[in-house]
Amino acid sequence: MGLKNFTSVLQNPTFLRALRNSFVFTVASQILVLVGANLLALVLKNAFPGRRFARFLILLPWVAPVSIGSIGWKWILDSLYSVINWVLVRLHLVKEFSAPMWLGEPKLAMMSVILVHTWHMLPFATVIILAGWTAIPKDIPEAAAVDGAGFFRRMFQIELPMMLPIINVAVLFGVIFTFTDMTVIYILTRGGPYDTTQVLPSLAFFTGILGSDLAEGAAISIFLVPLLVAVAWLMLRSAHRAEVV
Amino acid sequence: MAGVRARQLAFRTFHWTVLAVFSVLLAFPFYWMLITSFKRTGDLYDLRNNPFVFNQKPTLEHLRLLVNETLFLRWLGNTAFAGLVVVAITLLLAVPAAYALARLTGRWGGRIGIAIFLTYLVPPTLLFIPLSRIVAWLNLQDTLWAVIVVYPSFTIPFSTWLLMGFFKSIPPELEDAAMVDGLTRFQAFLKLVIPISLSGILTVVIFTFTLVTQGFVYALTFISSASHQTVGVGVPIYLVRGDVYYWGSLMAACLIASLPIAVLYNLFLDRFIAGFTVGSVK
Amino acid sequence: MAVVQTRGLTKLFAKGQVGAVVDVDLESREGEFLVLLGPSGSGKTTLLRMIAGLEEPTSGEIWIGGVLVNDLTPRQRRIAMVFQSYALYPHLTVLGNIEFPLKARRMPKEERRRKAQWAADLLGIGRLLGRKPRELSGGERQRVALARAIVREPSLFLLDEPLSNLDAKLRASAREELEQFQKKIGTTTIYVTHDQVEAMAMGDRVVVMNQGAVRQIGTPADVYDEPQDTFVAAFLGSPPMNLLEAAGVIVGFRPEHFHPSAALPADEPVLKLAFRAKHEEYLGAERILYGVLEGGPFDGEKAVARMSSTLAARFAPDVVHDFAVAKKDLKFFDREKETRTEPRALA
Ligand SMILES: Nc1ncnc2c1ncn2[C@@H]1O[C@H](COP(=O)(O)OP(=O)(O)O)[C@@H](O)[C@H]1O
Ligand SMILES: [Mg+2]
Chain W
1 MGLKNFTSVL QNPTFLRALR NSFVFTVASQ ILVLVGANLL ALVLKNAFPG RRFARFLILL
61 PWVAPVSIGS IGWKWILDSL YSVINWVLVR LHLVKEFSAP MWLGEPKLAM MSVILVHTWH
121 MLPFATVIIL AGWTAIPKDI PEAAAVDGAG FFRRMFQIEL PMMLPIINVA VLFGVIFTFT
181 DMTVIYILTR GGPYDTTQVL PSLAFFTGIL GSDLAEGAAI SIFLVPLLVA VAWLMLRSAH
241 RAEVV
Chain D
1 MAGVRARQLA FRTFHWTVLA VFSVLLAFPF YWMLITSFKR TGDLYDLRNN PFVFNQKPTL
61 EHLRLLVNET LFLRWLGNTA FAGLVVVAIT LLLAVPAAYA LARLTGRWGG RIGIAIFLTY
121 LVPPTLLFIP LSRIVAWLNL QDTLWAVIVV YPSFTIPFST WLLMGFFKSI PPELEDAAMV
181 DGLTRFQAFL KLVIPISLSG ILTVVIFTFT LVTQGFVYAL TFISSASHQT VGVGVPIYLV
241 RGDVYYWGSL MAACLIASLP IAVLYNLFLD RFIAGFTVGS VK
Chain Z
1 MAVVQTRGLT KLFAKGQVGA VVDVDLESRE GEFLVLLGPS GSGKTTLLRM IAGLEEPTSG
61 EIWIGGVLVN DLTPRQRRIA MVFQSYALYP HLTVLGNIEF PLKARRMPKE ERRRKAQWAA
121 DLLGIGRLLG RKPRELSGGE RQRVALARAI VREPSLFLLD EPLSNLDAKL RASAREELEQ
181 FQKKIGTTTI YVTHDQVEAM AMGDRVVVMN QGAVRQIGTP ADVYDEPQDT FVAAFLGSPP
241 MNLLEAAGVI VGFRPEHFHP SAALPADEPV LKLAFRAKHE EYLGAERILY GVLEGGPFDG
301 EKAVARMSST LAARFAPDVV HDFAVAKKDL KFFDREKETR TEPRALA
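Chains as they are written, first to last, in my numbering: chain W, 1 to 245; chain D, 1 to 282; chain Z, 1 to 347.
It should be emphasised that the hints constitute simulated quantities derived from the structure, not laboratory data.
One thing to keep in mind: the hints can contain errors.
In the PhoX-like style, the derived pairs of lysine-lysine whose C-alpha atoms are separated by at most 25 angstroms in a straight line are [as the list claims (entries may be wrong)]:
| # | chain 1 | residue 1 | chain 2 | residue 2 |
| --- | --- | --- | --- | --- |
| 1 | W | Lys45 | Z | Lys15 |
| 2 | Z | Lys183 | Z | Lys272 |
| 3 | W | Lys95 | W | Lys107 |
| 4 | Z | Lys272 | Z | Lys328 |
| 5 | Z | Lys184 | Z | Lys169 |
| 6 | W | Lys138 | Z | Lys184 |
| 7 | Z | Lys103 | Z | Lys132 |
| 8 | Z | Lys169 | Z | Lys183 |
| 9 | Z | Lys132 | W | Lys138 |
| 10 | Z | Lys103 | W | Lys138 |
| 11 | Z | Lys328 | Z | Lys302 |
| 12 | D | Lys191 | D | Lys168 |
It should be emphasised that the depicted structure is a prediction, and the values quoted were computed from it without experimental measurement.
Extracted from the complex, chain W is given alone in its bound form (with noise of 0.2 angstroms):
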């Protein structure tokens, strides 16, 4: 491949847009996962009845097979048969025939593979962070108590700060697997409403495998690397940083 590929690859307004969706996709998704996933580790840490049991229902989307999830997700946001907007007929918030088109309207297909993805990736992010808040020595939050910090002072000025590097690892591995992978979209939209959807791995595999142009398929990854290496920078510092705490 040559520059020929490149120079192809940046005048095509499909590329642009994939371009920017990875960039919202990816964004948008980990902070959704970010916040449910300390909301989540917040509640787990506590003993509590049936933790066990509520433990393994929230794993499950992480634990069964990608694309599987989303298979079930394409059902439960079925263009007719959608159970969510059977719920919203009901409660009178949409009328029967102009319900939302889940993955058939480009605002609404973003927000259901966002969503999706996120749906998919919160557990693992809760279980680092679990890690995270489980490694935290008792006394330590019990002497930010002591000395006068409430719930919040504590929880941003101690606790947080003292996770930072493993919040760190679960972000950055988020980062990677979201910026790189394609299943959900594949699965939810094939990049569609008109390419509304497509991102980066998913238009190098139209591309290069489906539409058999390897060379451009190859173009289109490479704009994925610079920001991995970005990651992977990030990445080897906070583990410096973890390693001299």
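Given the structure of chain W, go ahead and fit chains D and Z with the ligands onto it with the hints provided.
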């Protein structure tokens, strides 16, 4: 004065609300798979019915269809086989590599370990070209072995990195003591280091096995016959005929493919968490 | 300044278990250095944590400065605590650690700085302010923990074995410093330790605990010289008090009160004992002599004598020597209840 009680009440409310909302959001698709699997077709596609309950008697028809008239069982078998082989290959290569890096090369061990880990970051689509060459050269196109040779290229770097953390956390004095006691280094490794790192090894096993079951893109690309597929591709791609989705059988397939791994995971979760944190923080 | 009072304080961690703390009534005095002393597992930490508000009592009341604090959070109790591990915040600098309690109280920045500087200077750690806890030695960490505790000028100071992580040499000097320091700031202090030397050296009063219950409260001299039961008698002192059984009563005397007869004044009323020496430990400043009593009420019981190395007498092993204890140094304990009883005549 009433501070403590009020706080406790607020905390309980928060606790159970978050737990309920997330459990429902995360587990709902599986409930949906379950109920869909056993609903009669007429029940499924009648919009007047309440979809959350059985409006007609449950049926095993979708399950029968799945088992008798599709390659589903074959895919499950293929996946289990590929998983086991990849796990074996990964362990065989990653354990000695990680040990060597953790022990024998001093400070360079760490850097090489990180470099190895970085290869994990290379986007799969970039690797297609070299990997498809290798698959073609080995004459493995369209066989299950195509993915079996490809997956270790991701599982080994990651596993090596993870195990390195484990081996490093074992003080070398332990092996020295064993060698003073008359064991060879290799025996010390087998009898001491491996049992102590069992959590790490289990983590690697689980991680590798999931990667194979989760794998989608490579199986989709390298395997074109339905009968050689893994379950992750077989179900979403080959159970759909043209544009027709047999939702009942599809959901039954999803449920069956998800549950065994979920149970396996839950058994080993604590070890997995331990393994993961040691690997990533050390 | 404030006093702490507990009434019938009890903690059961699990139903049906013996209590970690059982029915403790305690009252500190203004500005006092009160030491909780007891073997490991005797409930000292649990008691301290209940006072701090980190553990909820199963029953009983806690009063601090005349206020019932059972329902107050640790934050509302306005106390300071030094943990055994020091519990320094690893991601904050020394300055950040010391300032944290002030920040939690929303003190303005300048005042905070001034206070932190004052506390740091008081403990001689002014030059460490920019460091992270992991870059400090054990002794420095302990000072930072103390600085963090005093900086908000608490009304009550709780310390849980703050010296146990230091090496032996450092511990002795830190003990001395801590004691001086408490005298200087004059804050009521409750100090937990399992080390009797620490307790005796530092405490205004010592609370001896065992199995969750308070066995005796008193000045170091009180608990050492007038133990109220055999537990206190045996727990304090090294080697511990000789406890011998005779005629339905337990008789105790300290090894340092067990002398060769010749060493006692002639007009002192004494209990004479024939002592067969077994072996001797030479400890530099003193000698410990182990042996067996023969004849009399304690025939065959083991006993220990402790005497100054400057004493010239030699005690050949396996030879019976004439030893004696002054009558005033004999303590009597009830055989069943193991508590102190009146002196009585021995056969
Ligand atoms: N969180 C806890 N759960 C159950 N038992 C505990 C807990 N904390 C302490 N204990 C028990 O309570 C008793 C007193 O412990 P502790 O107060 O730590 O003693 P000390 O500080 O004197 O060594 C011990 O038997 C200990 O095992
Ligand atoms: Mg303790």
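How the hints compare with the structure:
no.: 1; hint: Lys45(W) x Lys15(Z); verdict: 24 angstroms, holds
no.: 2; hint: Lys183(Z) x Lys272(Z); verdict: 45 angstroms, violated
no.: 3; hint: Lys95(W) x Lys107(W); verdict: 19 angstroms, holds
no.: 4; hint: Lys272(Z) x Lys328(Z); verdict: 13 angstroms, holds
no.: 5; hint: Lys184(Z) x Lys169(Z); verdict: 23 angstroms, holds
no.: 6; hint: Lys138(W) x Lys184(Z); verdict: 32 angstroms, violated
no.: 7; hint: Lys103(Z) x Lys132(Z); verdict: 18 angstroms, holds
no.: 8; hint: Lys169(Z) x Lys183(Z); verdict: 22 angstroms, holds
no.: 9; hint: Lys132(Z) x Lys138(W); verdict: 20 angstroms, holds
no.: 10; hint: Lys103(Z) x Lys138(W); verdict: 21 angstroms, holds
no.: 11; hint: Lys328(Z) x Lys302(Z); verdict: 21 angstroms, holds
no.: 12; hint: Lys191(D) x Lys168(D); verdict: 17 angstroms, holds
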